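K.L.:
Here is what each chain is made of, one letter per residue.
Protein chains: 2
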Amino acid sequence: MSEQEQLRSIRERIDAIDRELMRLISERASCAQTVAQVKRAAGSGDDYYRPEREAQVLRQVKEANPGPLEGETLARLFREIMSACLALEAPLRVAFLGPEGTYTHAAVLKHFGQDVRLAPMASLGEVFREVEAGGCSYGVVPIENSTEGVVNHTLDLFVQSPLFVCGEVLLRIHHHLLSSGPDVAHVQRVYAHQQALAQCRRWLDANLPHADRISLSSNAEAAQRASQETGSAAIAGDTAEALYGLRAVKRNIEDHPDNTTRFLVIGRQATIPPSGVDKTSVLVSTSNRPGALHRLLTPLAHNGVSMSRIESRPSRCVNWEYVYFLDIEGHSEDPDVRQALAGLRQEAQLFRILGAYPRAVL
Amino acid sequence: MSEQEQLRSIRERIDAIDRELMRLISERASCAQTVAQVKRAAGSGDDYYRPEREAQVLRQVKEANPGPLEGETLARLFREIMSACLALEAPLRVAFLGPEGTYTHAAVLKHFGQDVRLAPMASLGEVFREVEAGGCSYGVVPIENSTEGVVNHTLDLFVQSPLFVCGEVLLRIHHHLLSSGPDVAHVQRVYAHQQALAQCRRWLDANLPHADRISLSSNAEAAQRASQETGSAAIAGDTAEALYGLRAVKRNIEDHPDNTTRFLVIGRQATIPPSGVDKTSVLVSTSNRPGALHRLLTPLAHNGVSMSRIESRPSRCVNWEYVYFLDIEGHSEDPDVRQALAGLRQEAQLFRILGAYPRAVL
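Chains A and B, in that order, give the protein sequences. FYI, the UniProt record's numbering numbers position 107 of the first sequence as 107, with every residue one higher than the one before it. FYI, the UniProt record's numbering numbers position 141 of the second sequence as 141, with every residue one higher than the one before it.
No lab work stands behind these hints: they were computed from the structure. Here the structure is a predicted model, which is why all the values come from computation and not from measurement. Errors might be hidden in some of the hints.
Claimed, not checked - Dumping the calculated DSS-like pairs for lysine-lysine here, alpha-carbon to alpha-carbon at most 30 Å:
id : chain 1 : residue 1 : chain 2 : residue 2
1  : B       : Lys62     : A       : Lys62
2  : B       : Lys110    : A       : Lys62
3  : B       : Lys250    : A       : Lys250
4  : A       : Lys110    : B       : Lys110
5  : B       : Lys110    : B       : Lys39
6  : A       : Lys110    : A       : Lys250
7  : A       : Lys110    : B       : Lys250
8  : B       : Lys39     : B       : Lys250
9  : B       : Lys110    : B       : Lys62
10 : A       : Lys110    : A       : Lys62
11 : A       : Lys39     : A       : Lys110
12 : B       : Lys62     : A       : Lys110
Unchecked claim - If you only want the chain A side, here are some residues facing chain B, beta carbon under 10 Å, derived:
id : residue
13 : Arg19
14 : Leu21
15 : Glu27
16 : Ala29
17 : Cys31
18 : Ala42
19 : Ala64
20 : Asp212
21 : Ile214
22 : Leu216
Cβ coordinates follow ideal geometry from the N, Cα and C atoms, glycine included.
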């Protein structure tokens, strides 16, 4: 067969695949409509978004992926298909710390897909209030984002809020070496937030061992300084690159290629059924007596439950000194987790399950 | 059947659909790989992006869409599937006027899908240079965007550049009434760029007939002013809403709900085969003698070719007074368009076909 004949034959096959894809995606959307009709007929609410079911579908796609697409790419396509089907019945409105174009905006799209209605807010407090007031079904807030320093604020807001954690989103963050000069060799000075400098230390040691490293209050400020000085560079992301007219003389210089920021999805939904691979977030406090924290955590160890994270925040309440945010592997309805939580509840002064939700798939 | 049984049966069908979708999308990706192999084996270049073919697929999807999804939603899902398949072989790098989060960024994603590599630039000139130098395969530049006032600059850049137009993107733009006050009734003063005021005039006449309308240099400045004064509001988009801590007291107040901004895709590819529904952009100039423009356009009328747009720019060259940018319906290879262009070429002093490309589908 000639090249043209071969190409024609493949393209005919692609056309046939596309017709079949269109038929199936449309049938899937019809199924979603039928689910909504059945639920309405039975009077069982109009909450059509089921995080645990979405997590199961996405995990299944990644596990059964026959290639050649990456599992993550395939899962992202399914995320969009589910997002479009859901929007047909009940478009979700999601609050986040704006403006558009931020990492949190990217996290919203990653978790909910393109068919979500965006509600950018001016502060984290407003994100919580908007969801509490019912103006939005969900909110997305950063929880582990060392460079932007907003984690603590998010934790503090949880203490006051009646909202629950309904999901988590992981976002990979890349750092670039930005400069107005032509290449790495010209760089004598590197500006960045100290966290970014730390996250790129090995790369800097290997490639710019003699350059001064100067820490500033933000990567944006670093980019601004670098844009005004010759022989200087900044570590920052894509946005700063364009904003300050700099060039990435080297991209993705972070030492850990899985440099991720974690976000939580907040909502009014107290319980999400287990998806099979879940996490439970708990807010607890204890007195400041010696050994109190150790005692608090004993029930977890006794029940073989692992804790993936613990954060402490000074309490604003007289009754206890610190509040702790625990992330536990497993769902609060799993027998071992339930027993561990019962023990924890007995030891703690304040005890609140913030939520049990599917672990991030994408 | 009980509600639970009904739901279980629908969900089983959805699971079966998802398995089939996964199989088909993966096979489509394999086909794309085979196309690349065949082309490489035949030594026929590594340019796998074919705008005319993508446009055909998307149009076909919209036309044959059986519902219940909107044709545009379904086409967007196909855009993402094609984007993922293409990225497997040759990920596209696309330059645009940054930072991320701008309308142009949205236009890039709308046209190329999520699997594109973003290259935000600090100026329109850099977008052109980056594509000319081969650092990016394509660039996306605004061409009809009255509120941001960059159209003329784009046109001027075309005069100097060897690049071609490879596509167009249409983006719907919404205006909101933003205020720090609680509702429309409190607004005594409305700030905005004069174009935005003009685009919302009917709404303002009907809803705020007694409010002062004050035009500023940009909607962003308007939002900033409104955020500092009680009783004031600004007309601006989503981004300003979050950036200046304002609330949209009324959304989508533009008089024409299809208030769109048009972008051009620029590249080094001189000819794109006809997709069936195409446009041709031409750059021409003529002397300033009376009737010259009329004579220039006569060949179009004689051949029954419609012109969808004409823009003039003062020339920076002594040989002619003005250059004109014409958008013509049809492809430069269509017989009637070809004849019309031949006539145009004879009348014009400067004549360059900027490109023939598929009309925007989405």
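K.L.:
For each hint, tell me whether it holds in the structure or not.
P.N.:
These are the hints, each one checked on the structure:
For the hint pairing Lys62/B with Lys62/A, the CA-to-CA distance comes to about 29 Å; that is within 30 Å, so the pair holds. Between Lys110/B and Lys62/A the CA atoms are separated by roughly 25 Å; this keeps the pair inside 30 Å, and the hint holds. Note on Lys250/B and Lys250/A: the hinted pairing is violated, with a Cα-Cα distance of about 45 Å set against a maximum of 30 Å. Distance check on the hinted pair: Lys110/A and Lys110/B sit about 16 Å apart at the alpha-carbon level, within 30 Å; holds.
Only pairs whose Cα atoms come within 30 Å are accepted, and Lys110/B paired with Lys39/B is accepted, the gap being roughly 27 Å. At most 30 Å may separate the alpha-carbon atoms for a hinted pair to count; Lys110/A and Lys250/A meet this at roughly 26 Å. Between Lys110/A and Lys250/B the alpha-carbon distance is near 28 Å, which keeps this suggested pair within the 30 Å criterion. For the given pair, Lys39/B sits about 53 Å from Lys250/B by alpha-carbon distance, which is inconsistent with the 30 Å threshold.
Between Lys110/B and Lys62/B, the direct Cα distance comes to roughly 16 Å. Compliance with the 30 Å bound is thereby established for this hinted pair. Taking the CA atoms of Lys110/A and Lys62/A, the gap is near 16 Å; set against the 30 Å cutoff, the hint holds. Restraint check: the Cα-Cα separation between Lys39/A and Lys110/A comes to about 27 Å, which is no more than 30 Å; the hinted pair holds. Distance hint between Lys62/B and Lys110/A is fulfilled; the C-alpha atoms sit about 25 Å from each other, no more than 30 Å.
For Arg19/A, the interface hint holds, since its Cβ comes within 10 Å of a Cβ in chain B; the closest pair sits about 7 Å apart. Evaluation of the Leu21/A hint against chain B yields a held restraint, the C-beta minimum of about 5 Å falling below 10 Å. Annotation: interface hint on Glu27/A holds; nearest CB of chain B at approximately 6 Å, less than 10 Å. A distance limit of 10 Å between C-beta atoms decides the matter here; for Ala29/A the minimum to chain B is near 5 Å, and the interface restraint holds.
Because the closest C-beta pair between Cys31/A and chain B is about 5 Å apart, less than 10 Å, the hint holds. Because the beta carbon of Ala42/A sits about 4 Å from the nearest beta carbon in chain B, less than 10 Å, this interface hint is met. The criterion of a C-beta within 10 Å of any C-beta in chain B is met by Ala64/A, whose closest approach is roughly 7 Å, and the hint holds. Interface restraint check for Asp212/A: the shortest CB-CB distance to chain B comes to about 25 Å, outside 10 Å, so the restraint is violated.
Because the smallest distance between the Cβ of Ile214/A and any Cβ of chain B comes to about 23 Å, over 10 Å, the interface hint for this residue is violated. A least Cβ separation of about 19 Å between Leu216/A and chain B goes past the 10 Å threshold, and the interface hint is therefore violated.
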